[in-house]
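Student: Sequence:
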Amino acid sequence: MVFIKVLLPKNTGFKKIVENLRTTIISDKIDLLLFRGEDIPALVEEFSAKNLLVLGITGEDLYSEYLLKVNNKSNLKIIRKGIWDDSAFIFRKPTLSLLLPKNKKLADFSVLKFAVNKKYRQLAMQFLQKKYSAMPEMLLFNGETEQAVKQGLAEACIDVVCTGKTAFDLGLYVSETIFFSDFVLIGRGVE
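Its first residue numbered 2, the sequence shown is counted upward by one per residue in the working numbering.
Among the clues, some could well be false.
Calculated cross-link-like contacts (lysine to any residue; reagent style SDA-like; alpha-carbon spacing at most 20 Å) [what the hints assert, rightly or not]:
(1) K70 to Q152
(2) K11 to E39
(3) K114 to G83
(4) K106 to L129
Label-pair ranges, simulated between beta-carbon atoms [to be verified]:
(5) K166 to K11: 28 to 38 Å
(6) V112 to N52: 49 to 59 Å
(7) F110 to K131: 15 to 25 Å
(8) A50 to K119: 17 to 27 Å
(9) I84 to M136: 27 to 37 Å
(10) T167 to F110: 40 to 50 Å
(11) N21 to D109: 36 to 46 Å
Worth flagging that the hints you see were computed from the coordinates, not collected in a lab. The beta carbon of each residue, even a glycine, is placed where N, CA and C say it ideally should be.
With the sequences and hints as input, model every part of the structure.
Tutor: Below, the structure written as structure tokens:
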């Protein structure tokens, strides 16, 4: 009989963490379920609303995005934070970043259109609202956000940078960092 559900991210970046947990946690009382990291906060909330004992592991950026999306009206809490430390990553952890074409600055553009990865829409809006009095136009993508700049659809993009290979291969550089992400264990807080 399952006593607790543990929602694990199936996103590529979490592969090492998930494999370690799957080999460490072996119990018929624990149900390990794989979901996209960006869906885990909402799913933990849904399972908790059904009075099921559930925990989730996701990126701190995705958890923060979820809280912004629900206007911080959530019973979820961070139970434990794990430090992401990957020497192959530019900033040693996934980092939501503003990317620009090489040899360009934001001031070089009279009109700005930002390509934004959909799963970071709220964090991007928060960043842009602090930076600009009028909200710039955003084009939302499910992936390959950097291609929008390369193809001339946007002047800049906001997406997570890990190794930076994709961005650099497309002639982009990190102009600003927005959010450094570790991973978090989340669950329902005490009411």
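Student: If a hint holds in the structure, say so; if it doesn't, say that too.
Tutor: Hints and how they fare:
1. K70 to Q152: violated, 30 Å
2. K11 to E39: Distance of about 10 Å is within 20 Å: holds.
3. K114 to G83: violated, 35 Å
4. K106 to L129: OK: K106 and L129 at ~15 Å, within 20 Å.
5. K166 to K11: 28 to 38 Å: violated, 22 Å
6. V112 to N52: 49 to 59 Å: Given range 49 to 59 Å: holds, Cβ gap about 51 Å.
7. F110 to K131: 15 to 25 Å: Roughly 18 Å apart at Cβ, these two residues keep to the hinted range, so it holds.
8. A50 to K119: 17 to 27 Å: 25 Å Cβ-Cβ, so the 17 to 27 Å window holds.
9. I84 to M136: 27 to 37 Å: Since I84 and M136 have Cβ atoms about 34 Å apart, the given range 27 to 37 Å holds.
10. T167 to F110: 40 to 50 Å: Cβ of T167 to Cβ of F110: about 22 Å, so the range 40 to 50 Å is violated.
11. N21 to D109: 36 to 46 Å: Between N21 and D109, where Cβ atoms are some 45 Å apart, the hint holds.
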